[in-house]
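2 protein chains.
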Amino acid sequence: MNTNESTLSIVALGGVNEIGKNMYVLRYADDIIVIDCGSKFPDESLLGIDLIIPDISYLLENRDKIRALIVTHGHEDHIGGIPYILKQLNMPIYGTRLTLGLIEVKLQEHNLLGITDLFTINAESTLEFGNIEVSFFRTNHSIPDCVGVVFSTPEGTVVHTGDFKFDLTPVNDEYPDLHRMADIGSNGVLALLSESTNAERPGFTPSEQLVGENIEEAFIRAKKKIFISTFASNVHRLQQVIDAARKTNRKLALLGRSMVNVVSIAHELGYLKIPDTMLIEPSDVKAYEPHRIVVLCTGSQGEPMAALSRLASSDHRQLEVLAGDTVILASTPIPGNERNVARIVDNLFQLKAKVIYGSASITGMHVSGHASQEELKLMLSLMKPKYFIPIHGEFRMLHQHRLLAESVGVDQNNIFIVNNGDVVDITNQEAIQRRRITTGNTLVDGLGIGDVGTIVLRDRKLLSEDGILIVVVTLSKMEGNILSGPDVISRGFVYVRESEALLNEVRQITVQTIHKLHEKKNITQWDFFKQMIKESVGNYLFTHTKRRPIILPIIIQV
Amino acid sequence: MNTNESTLSIVALGGVNEIGKNMYVLRYADDIIVIDCGSKFPDESLLGIDLIIPDISYLLENRDKIRALIVTHGHEDHIGGIPYILKQLNMPIYGTRLTLGLIEVKLQEHNLLGITDLFTINAESTLEFGNIEVSFFRTNHSIPDCVGVVFSTPEGTVVHTGDFKFDLTPVNDEYPDLHRMADIGSNGVLALLSESTNAERPGFTPSEQLVGENIEEAFIRAKKKIFISTFASNVHRLQQVIDAARKTNRKLALLGRSMVNVVSIAHELGYLKIPDTMLIEPSDVKAYEPHRIVVLCTGSQGEPMAALSRLASSDHRQLEVLAGDTVILASTPIPGNERNVARIVDNLFQLKAKVIYGSASITGMHVSGHASQEELKLMLSLMKPKYFIPIHGEFRMLHQHRLLAESVGVDQNNIFIVNNGDVVDITNQEAIQRRRITTGNTLVDGLGIGDVGTIVLRDRKLLSEDGILIVVVTLSKMEGNILSGPDVISRGFVYVRESEALLNEVRQITVQTIHKLHEKKNITQWDFFKQMIKESVGNYLFTHTKRRPIILPIIIQV
Chain D
1 MNTNESTLSI VALGGVNEIG KNMYVLRYAD DIIVIDCGSK FPDESLLGID LIIPDISYLL
61 ENRDKIRALI VTHGHEDHIG GIPYILKQLN MPIYGTRLTL GLIEVKLQEH NLLGITDLFT
121 INAESTLEFG NIEVSFFRTN HSIPDCVGVV FSTPEGTVVH TGDFKFDLTP VNDEYPDLHR
181 MADIGSNGVL ALLSESTNAE RPGFTPSEQL VGENIEEAFI RAKKKIFIST FASNVHRLQQ
241 VIDAARKTNR KLALLGRSMV NVVSIAHELG YLKIPDTMLI EPSDVKAYEP HRIVVLCTGS
301 QGEPMAALSR LASSDHRQLE VLAGDTVILA STPIPGNERN VARIVDNLFQ LKAKVIYGSA
361 SITGMHVSGH ASQEELKLML SLMKPKYFIP IHGEFRMLHQ HRLLAESVGV DQNNIFIVNN
421 GDVVDITNQE AIQRRRITTG NTLVDGLGIG DVGTIVLRDR KLLSEDGILI VVVTLSKMEG
481 NILSGPDVIS RGFVYVRESE ALLNEVRQIT VQTIHKLHEK KNITQWDFFK QMIKESVGNY
541 LFTHTKRRPI ILPIIIQV
Chain R
559 MNTNESTLSI VALGGVNEIG KNMYVLRYAD DIIVIDCGSK FPDESLLGID LIIPDISYLL
619 ENRDKIRALI VTHGHEDHIG GIPYILKQLN MPIYGTRLTL GLIEVKLQEH NLLGITDLFT
679 INAESTLEFG NIEVSFFRTN HSIPDCVGVV FSTPEGTVVH TGDFKFDLTP VNDEYPDLHR
739 MADIGSNGVL ALLSESTNAE RPGFTPSEQL VGENIEEAFI RAKKKIFIST FASNVHRLQQ
799 VIDAARKTNR KLALLGRSMV NVVSIAHELG YLKIPDTMLI EPSDVKAYEP HRIVVLCTGS
859 QGEPMAALSR LASSDHRQLE VLAGDTVILA STPIPGNERN VARIVDNLFQ LKAKVIYGSA
919 SITGMHVSGH ASQEELKLML SLMKPKYFIP IHGEFRMLHQ HRLLAESVGV DQNNIFIVNN
979 GDVVDITNQE AIQRRRITTG NTLVDGLGIG DVGTIVLRDR KLLSEDGILI VVVTLSKMEG
1039 NILSGPDVIS RGFVYVRESE ALLNEVRQIT VQTIHKLHEK KNITQWDFFK QMIKESVGNY
1099 LFTHTKRRPI ILPIIIQV
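Residue numbers (the numbering used here), protein chains in the order written: chain D, 1 to 558; chain R, 559 to 1116.
Hints are computed from structural coordinates only; laboratory data are not their basis. Values in this document were obtained by computation on a predicted structure and should not be read as measured data. Treat the hints with caution; some may be incorrect.
Unchecked claim - List time: in silico DSS-like cross-link candidates among lysine-lysine, alpha-carbon distance up to 30 Å:
no., chain 1, residue 1, chain 2, residue 2
1, D, 354, R, 1092
2, R, 781, D, 354
3, R, 1092, D, 377
4, R, 1074, R, 1104
5, R, 1104, D, 461
6, R, 664, R, 831
7, D, 461, R, 831
8, R, 781, D, 534
9, R, 1088, D, 354
10, D, 386, R, 912
11, D, 530, R, 1088
Bound conformation, chain D alone:
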């Protein structure tokens, strides 16, 4: 993004054509502002990888120009990359109180507290970074304290919505600031970046209060213990669980590290109101009658190590689900998690629990935190942008969002569907997208950040499918005759004790190959030699097993 002085440039380092690792960059002249710094979970093709974060090469090259990291809210896909990226690039961080509270927990876990300055903002804050003035507007979402961001630059105003929905009856009176949004629109918006998660979904996302009503009803009906699982970060929903527990005179126990963490921070910062004597320790649950108990727990996505999964398989060290208990899954499985969630429901039924699960449209136990089509049109109508860049979604979501923008009057030539790294440059009110900067996925594996590449992943894939077969042989330096071996070792291919005949044949083939090469005096061309063993053994195994393990010949000369 080397541009002339008066150009406004916008680029995503992550978050378009994907759900996750949101990171957007706005640059005017020598001032760069970063918006969000998320992570995402790898799909099943990235074997052994723990996490994906954005490739920040561009930011590293321009580190002297970076003024701030502004964080719109505290979800993982907006804050999860922070501890990894701060190690390479120090930036002051701006966020609301709850957002910074959640970031601090992360920094603490990585022993990074104090590594950078954290500045608390609220929806009324204004900040100045060189030529860029930054202000905010309140939105709602499935976590409290979310903001959209307004960038006023000499070139014009850019709005980034963050994640949002229009919940007009929000749980904790955090109304979306419609009047402020209308004002911003009236003053003219050059470019809008708006999130697209639910752009495929018709209608208007229901209010979170709907879930509260259904939770309360289920609590009234439940005769014994209640277990309820939801995303820990959904503080509004946690409040509604607390309210229902109060109304039905139940004590509340918390299970799961992230649940305990979030409740503690949200309570401390005043986002959760918990009656004084309501919280009890899981170990004290036994002291109460079953109908006096609610257990709020993690694991609603079927995570195998989380509380709900352990409870379902009677594997929790403190609590157990008994016949007649009620278990509520206040969530919808994210694609890919269905099987794990189904397994939990199976197990809970085995325990003779009553389980409220399945499609949220039937149970009423979940609503989305994201704007559906009518709300996206409402945002576009309020902001009336000249240029529109749909963000935060896979391609089909961005595509549907484009159609929505066209339907409310945005000129189709002024809509930019970009890839991560595509730069939109606006000069004299004219936008073009012609250049790209380097970006992509940085893979985190254990302590390694970016050290696992395609070769390692390809090997893991091959290993996972058919394992490895190692052929070891020792030759004498002088005559090239076999001093020991060939020995054959297998991992993940066949179980050696049950495959003697097959592995004997591999030894034979290796010996024959060595003899053949010997005759041709090719014994010292090591690469050729290894290649010949690989091929002859590989062909034999494929013919006889239809499997292709990695074949690794090790030849030692002494």
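Using the hints provided, position chain R relative to the given structure of chain D.
Just chain R now, with coordinates in the frame of chain D:
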């Protein structure tokens, strides 16, 4: 299942507490009848496994008593195990014409044609095997020519529904035979085995005709080429595609091996009516104007190698999707396939196609082939069984099916929710479930059937996560000093060229470990020696990388 003469025994070898690999066994005295012989796909934990089939140890032990394999219909989860199991156990196979046609294709692919006798039955057939008389009743499902099976034994009548729905306006006038079912019920049913796939779904599954109407409407609206993808085996839906093509004056091309196979068999056997000049070769599509073309293709589940996926990524050697073409996904993604399907839709939108996708309740392009709750209650009400065994479903489906049975008056003590291998014995009209036979999953990997066990799978899992690190060292037999190495080889752990320092350290640690052992004269205790190297290298790597590759020390003595 060693029982006395007058006991009727029922057991599942596959199909309960799972979706897939259906196989049920009915035994009276010395006569055994097997119902269905399915396969299922492995989940992601079974790395490298191609297919799962039932463990048939019980049948092998009783091979002299097996009279027949009766197949209810031609879906993979009912016929997919046949070629693998016939290799070990020859049984005559009974099925309807289409079912046998599809089985023959399988046998041909495995070079097994003629290995056993195939007997064609229809809904009016009756068979006798010793003391057991077998008859059938017509049902509907998402493949034609399905039957339920009635077993009349001296102990009483057992009914197995096969897969079914009640489509009262079926596409090809294959009405479910309500009157026959009512008759069977009137004559008394001792035990009913009924499928549970949709036992969680309220209401009545819509008729397949609904899909036909929506296909026709979409065809009328389409301006250019139409691509439509569905399960090849859904012959009713294929017929509706053909009918819509005829009405809109379009030619039909077929893409994908299974589509070509099924259309050819179904056409030949008279299950598909195709106008004489309608079918064209994919290579001839170019010769027609776009609005004259329908392409019917495989890949509706997002299978990466299937036609639709190739078309979406512009990677098909004969055809391409162009701007303005219509693509219809007449299917619902099976859990686990959502991401692959979503990727295809993304790519099709990139090509500027119109795509009809997403929830079938919105598009109307798919209906289930399985009975919903009201239909399951209808079957139970028609059959009025004394004993009920819900089959064909995961535990929560069986559980919901049990509740439905109770709601229509089946005594709750007469409902058996079983595991694969649990035997229900009925003697003098009294059923008990107390004994088990051996069964389970037989894993197919390449040509190997059952030769991949837990150790190999555990290794594949470890290899897939952090790879393998091999440490090779040659020692002299006499003094035990190092003659060559230690050499370090890695696959799937780190990329060697970028990890010199780390691997050098591994070499150092190996040398130190050898020296230490040398001093203590432990050098010849090989297992201990290897264990020490594993531990010292493993600890070092975990501390420095937080990864745990398999560590494989190879020590050669010469």
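Evaluation of the provided hints:
1. 354(D) x 1092(R): Roughly 48 Å between the alpha carbons, so the hint for residue 354(D) and residue 1092(R) is violated.
2. 781(R) x 354(D): 51 Å, violated
3. 1092(R) x 377(D): 61 Å, violated
4. 1074(R) x 1104(R): 26 Å, holds
5. 1104(R) x 461(D): 20 Å, holds
6. 664(R) x 831(R): Holds, at about 24 Å.
7. 461(D) x 831(R): Roughly 45 Å separates the two Cα atoms, so the pair is violated.
8. 781(R) x 534(D): Distance of about 54 Å is beyond 30 Å: violated.
9. 1088(R) x 354(D): Violated. Residue 1088(R) to residue 354(D) sits at ~52 Å, over the 30 Å cutoff.
10. 386(D) x 912(R): 27 Å, holds
11. 530(D) x 1088(R): 26 Å, holds
Checked against the numbered hints above, the structure breaks hints 1, 2, 3, 7, 8 and 9 and satisfies the rest.
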